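Participant: Letter by letter, the chains look like this.
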Amino acid sequence: MSDETTTTERTGAAAETPAAQGSSRMLEVTGLSAWYGEARVLTDVAIDVAPGEVVTLVGRNGAGKTTLLRSVMGLHRQIEGTISLDGTDLTRRSADARARAGIGWVPDDRGIYASLTVAENLLLPPVVHADAWPLERVYEFFPVLHERRDFPGTKLSGGEQQMLAMARVLRMGSRLLLLDEPSEGLAPVIVQRIGEIIREIKGQGVGVLLVEQNVKFASTVADRHYLLAQGKVVEHLGNDDFRARESELLTYLGM
Amino acid sequence: MSAFLQYTLQGLAAGGFYALSALGLAVIFGVLGVVNFSHGACYMLGAVISAVLLAELHVGFWVALVVVPILMFGFGVLMERLLVRWLLALDPLYNFLLTFGLTLILVEAVKQKYGVSGLPYEVPAGLGGQVSIGSVNLSVYAIFACLFSVVVCVAVGLLLTKTRIGMIVRASTEAPERTRALGINVGRWVTPVFGFGIALAGLAGVLAAPTRAITAEMGSNFIIILFAVVVIGGLGSILGAVVAGFLVGLVEAYGIAYAPTYAQIVIFVLMALVVLVRPSGLFGREEVA
Amino acid sequence: MRSRTVQGTVAIAATASLALAACGSGAGGPQSGGSGKLTDDKIVIGLLNDQSGVYKDLSGPNSKTAIELAIADYKAKYGDKAVAKTIEIVTADHQNKADVANSKAQEMYDRQKADIILDVPNSAAALAVATQAANKKKLYINIGAGTTKLTGESCNKYTFHWAYNTAMLARGTAGTITKEGGTSWNIVYPDYAFGQDMNKSFTKEVTAAGGSVGQSIASPFPSDNFATFITKAGEGSPKVIGSMHAGGDLINFVKQFNQSSLKGKAQLAVGLMFITDIHSLGVDQFAGTQFTDAWYWNFDDQNKKWADRFKEKTNTRPSFAHAANYSAAMNYLEAVQEAGTDDADAVVGKLEGKKINDVFLRNGEVRKADHAVTHDVYLAKVKSSAPEEWDYEDIVKTIPAAEAYGEANPACKMG
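Residue numbers (our numbering), protein chains in the order written: chain A, 1454 to 1708; chain B, 44 to 332; chain C, 222 to 636.
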């Protein structure tokens, strides 16, 4: 009990420090708790992401990172708390309405459709924002997708599938990307390429909420980091602090 | 050799009809995850409505071919809105049992109204008689039914592969949750797709009317063969349903030719073998662990 | 995960449904207790038949109407002198299953105190009830089933077979058609007791009349798709193709035969046909088909008069099974009247050897040796168009009882 209290206080204090990006918060999650049946997996989580900002969720397996992303997307419904985007409360909205409001989902299994071609995978979601990438731009930025546009989506390599999943939400015009472990299982050179893509997206004012186990990779792309443990935010760090404490954090996370 | 060719063509003719009949079952399972046991009863309704239209309103075969699927689409929409929808969130077994119960109600209702002996229906003018190709004879109507079925299957295939609606249906079939997360209101497509599947069952019923006994029980045996077709093809796979339809037609014809008593058992042996070797069927997607 | 689990479920369900497909709904008869010398002052007639399946229209609930007409006629005839003052009917649906028929018959004899069970179409069900009748020493008059075993291996003192059997149908149809020049046959029969029996009887009669049967093909029961069976039946270019199917199978067979290349090349002979089959398929589809009918409603004035009474109550014309139910019930009541009791042995004594002429039986006799009720039957030909609804048959000739039924079944050993 006492442990919890100190954790909350520390989080509360830290939350004020690095987020000083002005009032332009894009995603704002407050007081979020989530359950699977009787089991509570998130407790009173508060996070935010500003436009053009990359924010990571770091934590051990089972800390609640993916549940948090799914709750933001509206795929996990057994929650309390509020989720808003650009000041609009989305808590009661369905997943498809949230997607149309500008949240882009890139799941950890990439979520590529086997029964759709590469081009169809790109064209499936509706365009929801004027800043959406036209197909030509997607192909220009990801030439490999153009080359393989008529292949079934799942015939691509892991890295290509990851790019397709990201390209898909960019073509849709999502304002906030939810990236679940984009570097997982990919070769270093591909991971590097994904880092470049994230920086490109960031430059366009798109916000990114990134779940990442690869602390090194996270520190190369992110502005801020939330540490999750047992469903609570236990630390909130700017990227400089994060880098400075990298080895400590790695031990803490058991990675 | 000519006997073999004869049986092959007859098997293909029957297979085309099986493919069309199983198509709706596959479409409904694909999008809703519902194993629609009442597909056989809806097939029966399609045939019974055709017979009633002919007897009471003098509405013939060609009109029935258009009108009956439309009526059955409406019936499917009602069925989905009033019944199936409420059980979608539960284990698929609940909707299987619901549609099984519905089957018993529909069959009994038709028995009460029209008896058990069946209703008359004739081969439409111009489709009677046979054609001979060398030493092989086929009924004109069987050829028509097969070609018509193939055309419908191809049209449904094109609808699914070449249109935006088809793309959405395929995506919803493969991963409904993910498709919602990509901004598509999957629920909005559920009702029309269910109605469409039922309309296809009704269409198969119209096609069966001139050539099969139109009785309340006509779907009861048929649905079991259709289950075999979709299990062999892979539940939810449109291409699987079509290929397995022809396969079952051929296996049945050869069974009749060379071991008549076991003609139907052979189909289920084939089903058992396919399920043993490839549990998700010939064209079913293997689940990723 | 979902589709894989469901895939398995459906595979199992599909297999399990094979058994469920034939499933109908049960219907219990009303309860009644007591019996007497007139075992407690009343007669209870049990009507056990198919109330929901393929035989529903040709016997089913309308058989009860036929029995009610018999009761009314009996009461009108004897008035105050009637031995049976109170006569009740109890009914049950055997769903065409031998085990259901067996337990329903037991229930009728024991709990509902039935003095007699009538009708019981479906050969397997019929044989199950014959065993019960022998065990309980109570009467049983079968009408709806065709198996010759009822008057053969399974015959017993309390079982009578009133209307027809497969051997009679074979003599009438196979014998006549073969003699008229239809000498080469191929036969398609449904693969269950009745079909096998019909196939044997027809093969025997075709051969006896100087013809030959090229091949006998068993088809699964029930079956939708006969096109390939018909092709196979056409191998060797037979003059006659015999279909031994009944109900929905028969209609499927005839529809698909009419669309096949054999139509016009080979003559179609149907083993067992009821007027309800012609009604459902349409007279033109069957036009010219010859078959043996045990009775036809529009054969003469006597039949027509009874058929009019029947139509008043049911709004439909009677099948031969309906008329036979009337005849069986009436003659049972007459036998009770003569015996002055409903004691089964006494009633059997009155029935055995009795010669009967009534609306159903012409030159009828309850043959003592095997309890087959022999009577004149008719070779019928389906008209090409119906002058009025239900008027579908021309009676080509009357087959005298002796010719139709032959000698008593040698397999019958009355115990």
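If you're looking for bench data, these hints aren't it; they were derived computationally from the structure.
Possibly wrong hints are sitting among the right ones.
[What the hints assert, rightly or not] Calculated cross-link-like contacts (lysine-lysine; reagent style DSS-like; alpha-carbon spacing at most 27 Å):
hint: 1; chain 1: C; residue 1: K534; chain 2: B; residue 2: K156
hint: 2; chain 1: C; residue 1: K298; chain 2: C; residue 2: K263
hint: 3; chain 1: C; residue 1: K296; chain 2: C; residue 2: K263
hint: 4; chain 1: C; residue 1: K634; chain 2: C; residue 2: K357
hint: 5; chain 1: C; residue 1: K400; chain 2: C; residue 2: K263
hint: 6; chain 1: C; residue 1: K425; chain 2: C; residue 2: K358
hint: 7; chain 1: C; residue 1: K298; chain 2: C; residue 2: K484
hint: 8; chain 1: C; residue 1: K425; chain 2: C; residue 2: K400
hint: 9; chain 1: C; residue 1: K532; chain 2: C; residue 2: K296
hint: 10; chain 1: C; residue 1: K618; chain 2: B; residue 2: K154
hint: 11; chain 1: C; residue 1: K534; chain 2: C; residue 2: K263
hint: 12; chain 1: C; residue 1: K358; chain 2: C; residue 2: K604
hint: 13; chain 1: C; residue 1: K602; chain 2: C; residue 2: K589
hint: 14; chain 1: C; residue 1: K532; chain 2: C; residue 2: K602
hint: 15; chain 1: B; residue 1: K156; chain 2: C; residue 2: K571
hint: 16; chain 1: C; residue 1: K618; chain 2: C; residue 2: K604
hint: 17; chain 1: A; residue 1: K1608; chain 2: B; residue 2: K154
hint: 18; chain 1: C; residue 1: K526; chain 2: C; residue 2: K634
hint: 19; chain 1: C; residue 1: K296; chain 2: B; residue 2: K154
hint: 20; chain 1: C; residue 1: K532; chain 2: B; residue 2: K154
hint: 21; chain 1: B; residue 1: K156; chain 2: C; residue 2: K634
[To be verified] Calculated from the model, a selection of chain A residues having no Cβ within reach of chain B, i.e. all distances over 12 Å:
hint: 22; residue: W1488
hint: 23; residue: S1568
hint: 24; residue: A1640
hint: 25; residue: A1697
hint: 26; residue: E1699
The structure displayed is predicted, hence computed values, not measured ones.
Cβ coordinates follow ideal geometry from the N, Cα and C atoms, glycine included.
Participant: Please write out, lowest number first, the hints stated earlier that are contradicted by the structure.
Facilitator: 5, 6, 7, 10, 12, 13, 15, 17, 18, 19, 21, 23
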